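Residue numbers (our numbering), protein chains in the order written: chain A, 1 to 426; chain B, 1 to 305; chain C, 1 to 289.
I should point out that these hints are in silico values taken from the structure, not numbers from a laboratory.
Worth double-checking, as some hints may not be accurate.
[Unchecked claim] List of simulated lysine-lysine pairs, DSS-like, C-alpha gap at most 30 Å: (1) A:K173 to A:K143; (2) C:K60 to A:K188; (3) C:K60 to A:K189; (4) C:K60 to A:K319; (5) A:K222 to C:K60.
Here the structure is a predicted model, which means the values were calculated and not measured.
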Amino acid sequence: MKRLLLAGAILLAGMGVAKAKTIHILMETVPDTRYIQQLLPEFKKETGIDVDIEAISYIDMHSKLVPQLIAPQGSYDVIVVDFYWVGEFTKAGWLMPLDDLVKRDNVDLGRYVPKLLDLVGHVDGVTYMLPFYNYSMAVIYRKDLIADPANQAAFKEKYGMELRVPQTWDEYKKQVDFFTRDTNGDGKKDFFGTVIQGQRGDCISMQWANYLYANGGEYHDKNWNPEMDSPQAVQAMKDYRTHMLNNSPPGSESFCFDEAFNVMAQGKAYSFVTFNILYAGLDDPKSSQVVGKCGITPNPGGGLNGGWGWAIPKSSPDKDAAWKFIKWVESYPIAKKRALLGGAPTQTKIFTDPDVVAKRPYYPTLQKILEGVKDFPVFTYTTEFVEETGRELNLAATGQKEIGQAMKDANEAFRKLAIKDGKLKE
Amino acid sequence: MAMMATGTVSPKAHRRSIAAQDRLFGFLISAPGLAALLLIILFPIFFTIFTSFHDYTLIHPNFETYTGLEKYSEALGEGYFRTSIWTTIRFVIASVVIEFMIGFTVALMLNTVQRFKTIYYFILLMPLLINPVVVGLTWRMLLHSELGIVNYVIGLVGIPGVNWLGDPNIAFWTVVLVDIWHQVSFMAILLLAGLSALPREPYEAARMDGASAWRCLIHITLPLMRPVITVALLLRMIFAIKTFDIVFIMTKGGPGTATDLISYYIYRSAFFGLDIAKASAMSVLLLFAVLVLTVYLYRYMKSMT
Amino acid sequence: MAGGSARSARPRRSATIRRLERLARHVVPHVILIAFSAAIVLPLIWVLRVALTDKLTAYKIPPEWVTPRLDNFVAIFTEYPFGTYFLNSTVVAVSATLIALPLAAGLGYAFARYNTGGMALRLFVLSSQMLPPVVLVLPLFAMFLMAGLINTWAALIFAHLTINIPFLAWILVAFFQGDVAILEQAARIDGATRLQAFVRITLPVAAPGILAAGILAFILSWNEFLFALILSGPQTNTLPVGLASMQSHRGVEIALLSAGTLVAILPVFALLPFMRRYLIKGLSLGALK
């Protein structure tokens, strides 16, 4: 009996010693998460650390993260931060600055696309995150329709210009108009020039941003004076409303990107101004009828930048292991493997790496897109800004409020928030 | 009242001691439930009330600044908040009334039939077992104006496609209808349980006097069902006021503010506006409103007999 | 109850009308119930179709016939920890209901029979339900964090008790009123104590109500989302959170979601045996008196 107990004690002690460290990460349920999960055994081999990735829906992630970040010690060692929350998380002091670790371990931040590092990397000169993936916006279009000689001839006749990948906003608008048609002669439009994701809140805000940039508008000047009621902004809303009423399927007032994606995927639209990551979905036979028929090009005037970054919360239980993970997952070989599997890249070299380009020929275009993107106002109240201006934009787009008035109200809401955050002096 | 052999105790004292024993028993039997509830809920309720009087945000979660009734006046001053109150009232009345009428009819029918009861009940349960997030996502798929099966089917009989979620006026009713589809079984189940507990004698006597089914319904069923009906209406009203996920998933309060229900408004204030204090203030206002409504409804139903 | 009524001057209804009435009484309820059932089942049939195919087919209009496959039902278990979600939901919902029922029955009985605490206590008990969950979840999180209960079943079960106990108590009040009181009195006269009367008379008679309330409480717990989202961790996420996670930045995985939805309805099969016994029992109980 005594020997049994001794053996049992040794076994237990042995188990205690051999027990691996585990870190916990909260991520979104996107394919990128799955790709990382596939590569985790390599991390375990290198460092002996187990990684437990909990994946939840992205719209609920903010609600779930906040209590974890306020708590002195939370459940997550590493988190991913959406650019919306960057201002909020840093102002509240929830993220650990990474500069010392970056310097100590010689992490080359120059390998990142500068626009992404600005968005989800540095905040006021301090490094809080390493860019994880990008979802910047661009124009997806049907390249087979442009290549069709019948279309080319008709377009040239109507507008006196070539039908080609749209380079200017004016050209794009003409194309959108041109392709909105009734194809089966029943008196109803059934093919649309574009798909509007006009749902109140973040869907309309993100898509409309591209219209603003295309018209040469800005959200604010360099002193944070809001400019959402400028003539360019008003024109951008006029363009948006026209597209919503005339060139997009009914129901666009309430579409978010999934509904809009499906219209494009079912082959019922010519173009879609949206996140570049949806482009891959159009080549997936399980969700798309237009496999191989779509192209992607930068939004004239600049597209909206978007992305997620890796961060270590101050409430992280194991900051060392967390940093080990971030270094590993963003190391070039791993980042490249992720891209090969289908993940959205953030490091410049990956876009031109021959192995990657062979698998994803549109990556050079994607890099061009990333070079021209512009940022949303990122500050403490970005999320609320999106909500309030999103409401005004939706009211204007659906004709419930006069455009000029709505843009003034949106501008005013923005001004109040900018003052509240101290960005704008009263 | 129960009369037991009293021996030497005076009747009045005896009655008083029975009343005291009653009170004690009531207290003892409710104590465990009450204790469990208080243990968990007391802190959150007081926390909510306390925060509503301070400047408590997610950025600065502390009670350093006392703001008194400022958050309340701020909330009431927001035009969109007032709009959402009105939208919520319309939503609650529409959905509860319609759910009650359909639910009661279904319960009556289910109580009457002999065969297939189990199958009907089975089907009745199904929508309730789907959580609201999924109900929203599923109906968003079904009601897609261009690609949804609903518009396709009604198109087959010649009705033009409806802009279920994009037209501000229609969107409101769409949300009501989806809520009804999801929750009407709640009423039906509760009312059916009430119906099946009703005594038979009144009906047998009424039948012998030649009363029609309709008179039985009005003069026997409804009065006897009053307690169950009251609680069904009350609970459904309280839950309807808290409707959140359907709006969050299907419309985000839009188009415009057509479906901006108060629960979603408060959520936005807390998690997007990061202003817990204002969200708390709005919640406390809501609490008072619902308490008043509850008392009013309860008294009204009592006076109906 | 029904008093005597004049039988004298009433025209006799013709046999045909009476036969029509009988027919109507038998057929009409079924017609209504079938219409109602169709309204519920038809959308679910479409969900089944989507679950058996893919996202492309879900949105293809006009709908095309595609060979059904069970891929999605498999995928939800391999690509998502669906088994864990299901287990967690079951444990939490069953526990929260079973624990809440006796506690709430005591509370409800005290309200119904002895008016314990008067209207004020009743309202206070229900007031936690009148606050939107979003303001309750943060203090609850703080409490459970201090108690070290985050990412445990216990946290969710306790949180759900705050929903179930008030809800159940209020429903049971309605079922503890009425004729039951008379039966209790009879038992007390025969020498039963208050507790004995409650357990042996009231509870069995109120069984249909208790059962219905229990089912509804189970469902509330099964579907609860916000507390589950905030108070749980990777091992304790429930079905609503898991199903919601099928929406991502790349769109909604509608086929997987549909498969998951149907799997999540399965408890209805488990609840059904209870229904059968008490539905029939309930009806005959009415006749016993």
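Taking the hints in turn, this is what the structure says about them:
{"no.": "1", "hint": "A:K173 to A:K143", "verdict": "holds (16 Å)"}
{"no.": "2", "hint": "C:K60 to A:K188", "verdict": "holds (18 Å)"}
{"no.": "3", "hint": "C:K60 to A:K189", "verdict": "holds (17 Å)"}
{"no.": "4", "hint": "C:K60 to A:K319", "verdict": "violated (48 Å)"}
{"no.": "5", "hint": "A:K222 to C:K60", "verdict": "violated (47 Å)"}
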